[in-house]
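Engineer: Read off the chains here:
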Amino acid sequence: MSLPPGQRLRSCGRLPARCATQVTRRQPLVVSPCLPLLLLMLLLLGGCHSGDSRTPTDEDPLVISAALDLDVVAPLLDAFRQAYPQIPLRFEDRTTREVDDSVVGHLAGGGVEGEGTSRAPDVVISSAMPWQMARVNEGLARRLNGPEIERWPEWARWRDEVFAFTFEPVVMAYRLDLSRHMLPPQTHGDLHALLATQARWLTGKVTTYSPLSSGVGYTLAQQDARYSSRFWELVGAMGRVDTRLETTTRAMLEGLSQGRYWLGYNLLGSYAMVYAQEHPEVIVQVPRDYSLVLMRMAFVHRDAPHVEAAETFVRFLLSQRGQRVLAGQTPLFSVLPGVTGPYTAARLRTQVGERLYPILPNATLLAFVDPARREAFTDHWRARFQGEQALDEAVERGSGALAPE
Amino acid sequence: MIEVEGSLKRRLGGWLVVTVGVLGLALMVEAWVSSQRAAARAFDAQLQAAALTIAEAVRWQDGIPQVVVPAAALQILATDSQARVFYAVLDDDGRTLSRNWPVDIPVAWQQALDEGGMSRDLTTTLGELRLHAQRVASAGWVTQLPVQVWVGHTLEGRRALARSLFERSLSRFIAMVLLTGVLMGLTMRAALSPLRRLRRQIRGRGADDFSPLAARVPKELHELAQALDHLFARQRQGREDLLRFTADASHQLKTPLAGLKTVSELGLRSSDPDEWRQALTRVHARAEDTSRLAGQLLSLARLRHLDRETALPALDLGELVRDVALDWAARERAAEHDLGLGSLPAEPLKVCVEGWALREALGNLIDNALRYTPTGCEITLHLSREGDWARLSIVDDGPGVADAALATLGQPFQRGGRQDTEGSGLGLAIVDTTARRMGARVQFANRSPQGLEVVLWLPLAKDEQDVTGAFAAGVNPGEST
Amino acid sequence: MRLLVVEDDALISRSLVDALTPLGNTVEVFACCSDARAALRQGGVDLMLLDIGLPDGDGLSLLAELRDAGDRTPVIILTARDALDDRVRGLDLGADDYLAKPFELAELEARVRALLRRSQQRADNRLGLGPLSFDPASGAASLFGEPMALPHRELLLVESLLLHAGAIAPRETLEGRLFGFGEVGSNALEVYVSRLRKRLKGAGLRIRTFRGLGYRLEEDDG
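Those sequence lines, one after another, are chains R, V and S.
Just so you know, we're using numbering that gives the first Met the number 0 here: the first sequence kicks off at 0 and counts up by one.
Just so you know, we're using numbering that gives the first Met the number 0 here: the second sequence kicks off at 0 and counts up by one.
Just so you know, we're using numbering that gives the first Met the number 0 here: the third sequence kicks off at 0 and counts up by one.
Possibly wrong hints are sitting among the right ones.
To be verified - With a straight-line cut-off of 20 Å between C-alpha atoms, the simulated EDC-like cross-links for lysine to aspartate or glutamate are:
no.	chain 1	residue 1	chain 2	residue 2
1	V	K253	V	D288
2	S	K100	V	D288
3	S	K100	V	E331
4	V	K260	V	D273
5	S	K100	V	E287
6	V	K8	V	D240
7	S	K100	V	D326
8	S	K200	S	E158
9	V	K260	V	D271
10	S	K100	V	E114
Derived from the structure by calculation, the hints contain no laboratory data.
The whole structure should be built from the sequences, with the hints applied where relevant.
Structural biologist: Set out below in structure tokens:
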């Protein structure tokens, strides 16, 4: 029950399979002592949307608010429509920030305005894991149960309210041109060295996720900073070569393809791998020292107008069938063990080895959205990126959260 | 009559259940409370650790506190059971430095918080929260601004832990109870095995085996075994008595039957009707004696095998005496005698005796008097009260009995020292036996100038001893014949 | 008179037949309850001698059946069980008299005669013994058919003695009848008895005294 926190974190950060053995000790929810709590929650939930669960119609479809490219996820949606033709759904492809806004949008005076637009989405999917976690922690997700939920790996769900259902490695990508001039980077160290030594070639040709204006970029930067203290040197180096900041992987890939960029850092592997198949000039490199893995998280909104349909969708997402589609027809990589297909976490692990560091859905993510911490982090990042060495080492090391843990 | 009342096993089992039930209830309550407490302690410690971790992360820059919430602190807060976490870092004026979702912390709590920290339960819209707060004093060079760190989490973990702790003690307890039950069963088996051995031994006995038990028994069963031995001894004695009596009785019956046989044989040999007649007369007389003897033997046997336990109703001696006298006076056998009733007391005399036995005894006395006195003799029954005793006497004016024979008159097969009569010698023995059973005394006395007086002293019924004249005489004895 | 003997011992029933037939009776013998029951159903029985221990049942239950059916036929119980309990039970069930085996034939004859006489009196509603008779309806006594002029108490005495004809009339009963329950002199009854004795002199009847017990009106054999 009371392992030293550092130990737990380290083991959790490394590999899901091992992590699962750590987390399975979680006790099933006790019914009798929790009854008052459950009743209270039910009352609250009931009060929020007066107990009714509407059936989605064409005019009032199941709304999925997602930070997930529609063309990537289309096979999954098709499979769902095929399985549940009676449930019309609208997939709203948004940025992570828009998705987060949609989660709470109806709460901020939605009742006063009474506009049709300010309703809660039914299902929320986003790769901005800390924000998802924060919303769930605030009680904005519905607890689910059922055989699919029970089969879902313990390490990939939190409170049975939010589910990490993809396994997307974070990769580097470079343009084929790069290899003509230099040895392409395979590790974070290689990249750092390259940025230092090849600044002549690379200035203006490097791109990465913006930690300032993209949730995913921020999350990845935070996680990088937690794993390696040399990350800040990398940031400095990137700043020196005038690295361009993008807010989507797609923009980075297109830049690479068009020749604007030669080297991209922290791209979502799921998109990149598919893209590279069609664009041979783009090479995808999974870092060989360590590779972060992003997991997209889905939950049913507490105030979902179509509770039943929403739960059906998430269950489908987590079911063997849904995960098979995920593994076979999308590059999102299935987490579920036993599912076969080109895109599964298990297969990825055999290909890349044990250096995948998934960002797990747990409470540590909540720290990332702390405004003070975020401000401190982005300030620090900006400073390092812009080459301001004014911040002394003491502050850097002193603010514990910034230092590797 | 053996009544089965419960079973030892069930009784012991019942006690076990009651004891274990009461004890178990107390233990369960204790286990529940202590597991709650243990879970609370464990999780409160985690809350404290999380609060401390956050407090450690507070930095003062130019006298202004800055917080960078450590991710580890939140993981500690969430615990393995994935509780919802809440944290807030406030300054002493209640201004928020950092927090996640809004929880209204009562102002009173904020003001009451000191360096010692505090733990509170708080109900929010998301359910119950366990809060812990820590006050961190700054060591600023310029200003000293204390900071409050509040952390909290939902209670799933505590409940799950408390429950699993409780379940563990419950299962231990159940295992203990089961073990105790099994041990108890085995113990009882062992404890009851001497009884079983005894039962087997007694059951295996032959019907006429009255020898003492040969069994090894524990101290607790010793008395029972001894009582059984005594019972066997008494039965042996009774059986021997019975055998002796039966032998005596058959001897007594054999003699007159042998006489009958010889007389009838002699009569058949003769062809003289006169001799037939004489033989028949003798046969008749002897048959009468024999049947009387048989009747008396039967009475005696019956008296000796009476059930002693039944409580007897009190009956009026006067009524019984008159009834018996009337009965006998009306008989043909009494026709030649003057059988009468002397004075009866005015008030009823109640005695607790078996009516039929007393009738039998009186009948025998009257029969004796009729038999051993010449015709025309007076036989009178008297009844009076003397203190707590009823004095019932049968007086005749016949020849009486030799003084030497008076003492042995009551014994069976004695004939008052007279071998010449045809009596069985049982009549007075019946009287004697009956009297002894009733707690009565029999006296035989010769009268002067002649005659015999047999006196029966009967104890009056207890409640009647001091009551005189309580009953009005309203009995019509004529109707009972 | 038609007599029923229910007795399973052949020797006893034989002697009963031999003893009772010469007295002018028709005696039928049955060895078991069922046969006796059939005979009783036909009716016309004046008296039954009933053994208690029978091969096919208890004589007492036969008696109970009889009385339950309202049959008042006089019954004398014969019992080999020398048990007075049976006697009491039998009398309770409605037997008129009992005899314990072994019994003397003379005793039996006397009881049968007395019982028959009593049932006869019940039948013609007149009391009588030998030449003496009493008509309860008119309250008149007669000797050899001639009315007797008797004082009231002597009449009562005649009636009471005749009521017990053949049996002892207990002293207390007679005193109660003659004098009520008031105080009475010890020899008051004796006075009336001796007066009646004088009147009956030569009529073949005598009144025998049983000391302290009562009186019996009997026919003078000698």
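Engineer: Look at each hint and say if it fits the structure.
Structural biologist: Here is what the structure says about each hint:
1. K253/V x D288/V: 12 Å, holds
2. K100/S x D288/V: 13 Å, holds
3. K100/S x E331/V: OK: K100/S and E331/V at ~15 Å, within 20 Å.
4. K260/V x D273/V: 19 Å, holds
5. K100/S x E287/V: 11 Å, holds
6. K8/V x D240/V: 42 Å, violated
7. K100/S x D326/V: 16 Å, holds
8. K200/S x E158/S: Answer holds: K200/S to E158/S is near 18 Å, not above 20 Å.
9. K260/V x D271/V: Holds, because 18 Å separates the two Cα atoms, which is no more than 20 Å.
10. K100/S x E114/V: Violated - the C-alpha atoms of E114/V and K100/S are around 116 Å apart, more than 20 Å.
Hint violations for this structure: numbers 6, 10, all remaining hints satisfied.
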